[in-house]
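Colleague: Make the full structure from the sequences, and use the hints.
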Amino acid sequence: MTAQPPANLSIQTFLAQQEEKDQLRFITCGSVDDGKSTLLGRLLYDSKTVFEDQFSAAEAESRAYGTQGENVDLALLVDGLQAEREQGITIDVAYRYFETPRRKFIAADTPGHEQYTRNMATGASTADLAIILIDARKGVLTQTRRHSFIVSKLGIRRVVLAVNKMDLVEYHQSVFNEIDEAYREFAERLGFESIHAIPMSALNGENVFARGERMPWYGGPALMPLLEEIDIRREETDKPFRMPVQWVNRPNLDFRGFCGTIGSGNVTVGQEIASALSGRKSRVKRILGPSGDLKTAQAGQSVTIVLADEIDISRGDVLAAPDALPEVADQFAAHIIWMDSEQLIPERKYWIRFAAAEATAQITDLVHAIDVNTYDELAAKTLHLNEIGYCKVALDHAVAFDSYADNRNTGSFVLIDRFTNRTIGAGVVAFALRRASNIKWHAMKIDKAVRARANRQKPCVLWFTGLSGSGKSTVADRLEQKLHDLGRRTYLLDGDNVRHGLNKDLGFTDTDRVENIRRVAEVARLMVDAGLIVISSFISPFRSERRMAREMMDADEFIEVFVDTPIEICEARDPKGLYRKAREGKLKNFTGIDSEYERPEIAEIVLKGAEADPEALADQIVAYLDRRAGR
Amino acid sequence: MKPLNHLDRLESESIHIIREVAATLRNPVMLYSIGKDSAVLLHLALKAFAPGRLPFPLMHVDTTWKFREMIAFRDATAEKLGLDLIVHINPEGLERGIGPFTHGSKLHTDVMKTEALKQALDKYRFDAAFGGARRDEEKSRAKERVFSFRSRTHRWDPKAQRPELWSLYNTRVGPGESVRVFPLSNWTELDVWQYILREKIDLVPLYFAAKRPVVERDGMLILVDDDRMPLNNGEKPQQLLVRFRTLGCYPLTGAIESSAANVEQIIVELLQSRASERQGRAIDRDQIGSMEKKKQEGYF
Chain V
1 MTAQPPANLS
11 IQTFLAQQEE
21 KDQLRFITCG
31 SVDDGKSTLL
41 GRLLYDSKTV
51 FEDQFSAAEA
61 ESRAYGTQGE
71 NVDLALLVDG
81 LQAEREQGIT
91 IDVAYRYFET
101 PRRKFIAADT
111 PGHEQYTRNM
121 ATGASTADLA
131 IILIDARKGV
141 LTQTRRHSFI
151 VSKLGIRRVV
161 LAVNKMDLVE
171 YHQSVFNEID
181 EAYREFAERL
191 GFESIHAIPM
201 SALNGENVFA
211 RGERMPWYGG
221 PALMPLLEEI
231 DIRREETDKP
241 FRMPVQWVNR
251 PNLDFRGFCG
261 TIGSGNVTVG
271 QEIASALSGR
281 KSRVKRILGP
291 SGDLKTAQAG
301 QSVTIVLADE
311 IDISRGDVLA
321 APDALPEVAD
331 QFAAHIIWMD
341 SEQLIPERKY
351 WIRFAAAEAT
361 AQITDLVHAI
371 DVNTYDELAA
381 KTLHLNEIGY
391 CKVALDHAVA
401 FDSYADNRNT
411 GSFVLIDRFT
421 NRTIGAGVVA
431 FALRRASNIK
441 WHAMKIDKAV
451 RARANRQKPC
461 VLWFTGLSGS
471 GKSTVADRLE
481 QKLHDLGRRT
491 YLLDGDNVRH
501 GLNKDLGFTD
511 TDRVENIRRV
521 AEVARLMVDA
531 GLIVISSFIS
541 PFRSERRMAR
551 EMMDADEFIE
561 VFVDTPIEIC
571 EARDPKGLYR
581 KAREGKLKNF
591 TGIDSEYERP
601 EIAEIVLKGA
611 EADPEALADQ
621 IVAYLDRRAG
631 R
Chain R
1 MKPLNHLDRL
11 ESESIHIIRE
21 VAATLRNPVM
31 LYSIGKDSAV
41 LLHLALKAFA
51 PGRLPFPLMH
61 VDTTWKFREM
71 IAFRDATAEK
81 LGLDLIVHIN
91 PEGLERGIGP
101 FTHGSKLHTD
111 VMKTEALKQA
121 LDKYRFDAAF
131 GGARRDEEKS
141 RAKERVFSFR
151 SRTHRWDPKA
161 QRPELWSLYN
171 TRVGPGESVR
181 VFPLSNWTEL
191 DVWQYILREK
201 IDLVPLYFAA
211 KRPVVERDGM
221 LILVDDDRMP
231 LNNGEKPQQL
241 LVRFRTLGCY
251 PLTGAIESSA
261 ANVEQIIVEL
271 LQSRASERQG
281 RAIDRDQIGS
291 MEKKKQEGYF
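Order-wise, the sequence lines are chains V and R.
Heads up: the first sequence begins at 1 in the working numbering, then just goes up one per residue.
Heads up: the second sequence begins at 1 in the working numbering, then just goes up one per residue.
Since the hints were derived computationally from the structure, they do not count as laboratory data.
These figures come from a predicted structure and were not determined experimentally.
Hints should not be assumed to be uniformly reliable.
Coverage of chain R stretches by chain V, computed from C-beta distances (three or more under 8 Å per stretch; other residues unrestricted) [what the hints assert, rightly or not]:
{"no.": "1", "segment": "2-14"}
{"no.": "2", "segment": "47-60"}
{"no.": "3", "segment": "75-83"}
{"no.": "4", "segment": "163-171"}
{"no.": "5", "segment": "232-246"}
Using N, Cα and C, we set each Cβ at its ideal position, and we do this for glycine too.
Modeller: What follows is the structure in structure tokens.
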């Protein structure tokens, strides 16, 4: 059954055909004694994947542990670890490989006991299809419901219901029909796309590789032909483009490529894509596939993407289609399967791992646990090993993700214990939550210090002061660019973004100027409280108002930056033509002309605006901030 | 767009795993055993970081009993590709003259392979070591994770292995702990050969049939690779057309009679063959579950 080169085919043609097979990954779920290992043993044996020496080894073991009397116990071909062979149960996920002339198969063999829910979730996470075994004598059992639920939660849409051991119910059609109906009735709510029910006897090989003679009433295909034919076109290809960035490849100054596996959609040279975290866009300049440059690449391929522009992108970001960006949030709702013997502790912080992003996570709200047998929602304070719960999760910083229903690649995560490094849970995102949804971290009050830590910076306000034309705005702009490149979170307050909105009711009288600065200082204080580095760029000519602003902040948070440029030079520059207007008397109360500028006495930073270029002046401030943060 | 075939999928999956290690672990190394699986692994790693160089070294644990052609191939490959190659030999084993003929296969493997590997990992403080093992090789490997965690003493504890869901790997290790990483986990022997054919990957010539001097011992055809091999009474090397399905220490690796002299012929032979590849290895057959025991002790 494995491929034999037919006599009339040239070896080259035959080998080329072999190479073009596709791959189907499936999971088998069943309880102890459903005959799952026997079915897999049968698939391996009948596909001639079992080699002679393995078969002889199974023969030897059949004599020691076998359950089939004189016959070789096919289950022994697949049961792996010695401990489980002696106990006669399967205790982990095993992967089996076999092929037919049509397809290559990877089967995840998972045990069905209640305590091994996590193994089934593991096997299901990579599967295209699930085979759910039912013992014909027992019908749809609690575990059938459990297996189906887990499989559906993990996003599998195609199910094959293998009604096994038909030999033990004398191949009665009515037994099969009853099971088929009962299953379809309760599976309706699980949202499967297709359910194929097949009556079979794995032991006798009936309806496994070929239709059995004992069940002429069954008109459908045997299992193997079905697995060979079933359409597994992966939906991933049709979804919006996503590539979680794994690694940035910079072998030399001329090359900067973003490496990753395309999670969904496809990408073409010339196409516009965006960084999900920053929202910045660029065009795809090159795509390097495993065998060199590609014009286009699709979901499932590991590639290296070179962009036309220098955008700051690092591991954990997601390259995405700009018209369909993933969520970027630090809170979301999710279903979590607990996988560790130590229970979930909602106050505890865990590491969370998305495709490539990592963060610290806390379960802020265990909304309910789910009984996997009845699908009932239960009140719960914790989750134990193999329990599933619906939770709200908060992260220490925002990451890019999708809902699992939209995207299996960017909607899944694992939770890791921070002390033992064990993988203790796995989850699928339901949807992102906004701050407005009123969720708080239980363990601590969120204050300035916490926000500052989350931003990994020491917040402050850089209060620029100086004459019109002294170079404040130019330096402030350069500074903000530099801080952004260093990953700092900043905000620039200047006349442009304040005068037209917040302060549009104010004029240029002395009273209004003071109120103007008071409001700016108030906003700056809130932003410092939010953990930002605030740059304010106003003439702010009066000492008293600068002192007022200083006093609103904590002691070391107010950094006065005096741009000390002689008025002659400012007036010569006159970038907005204001000095000219003031001299002509068309502009009243202009600082330096008919309104006083009070030079600072205690500025933390003094920039000689006439002596150095804006670049060097901005560097001077960056160096000051580095010293201040102890970097 | 043409859908990806099984080789494309396996290739991309392996590259993903290799990059994940480079991105998240401090000091990885690629164990290079010179065989076909190592050749495929190296080929994939080069692709993963192109146009850059490999961000980690290769290491060969030399038992001093490898086939001579393997060593020649190793050195030529390192030279040709400009690889950073570390060769480690257990100095105590070397001093005591440990070898399979004088000390038996078990002690030889323990000292020159298992011990030597632990020594080298400790010496260079590697926290991750790539290996070319596949799940289809042996039953106990069917449950091996892609990331297989080892304690400070390099032991493998089946209960301490982490669940692996989706393509999300938890790569965190504690101080002194390490992880063995198997990017070829989901490949079968046939996949490996099909990929070698497609990618035109160079291999040690021992994989291809040629007339070679062999003696038959305990049902295995052993190549007389050098004059350290003692001949028993009545044993006389005969020139047979043979090749090897796996490569290791020459006294422990059986040849098979075959006329398959190129990759195409090997694939055809493989498709028609009914004997699995580990048959040629003496160490697996000691007792039921022997591979599992070796793994717990730290054998790859």
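Colleague: If a hint holds in the structure, say so; if it doesn't, say that too.
Modeller: Okay, the hints, checked on the actual structure:
no. : hint    : verdict
1   : 2-14    : holds (count 11)
2   : 47-60   : holds (count 7)
3   : 75-83   : violated (count 0)
4   : 163-171 : holds (count 7)
5   : 232-246 : violated (count 0)
In this structure, the earlier hints numbered 3, 5 are contradicted, and the remaining ones agree with it.
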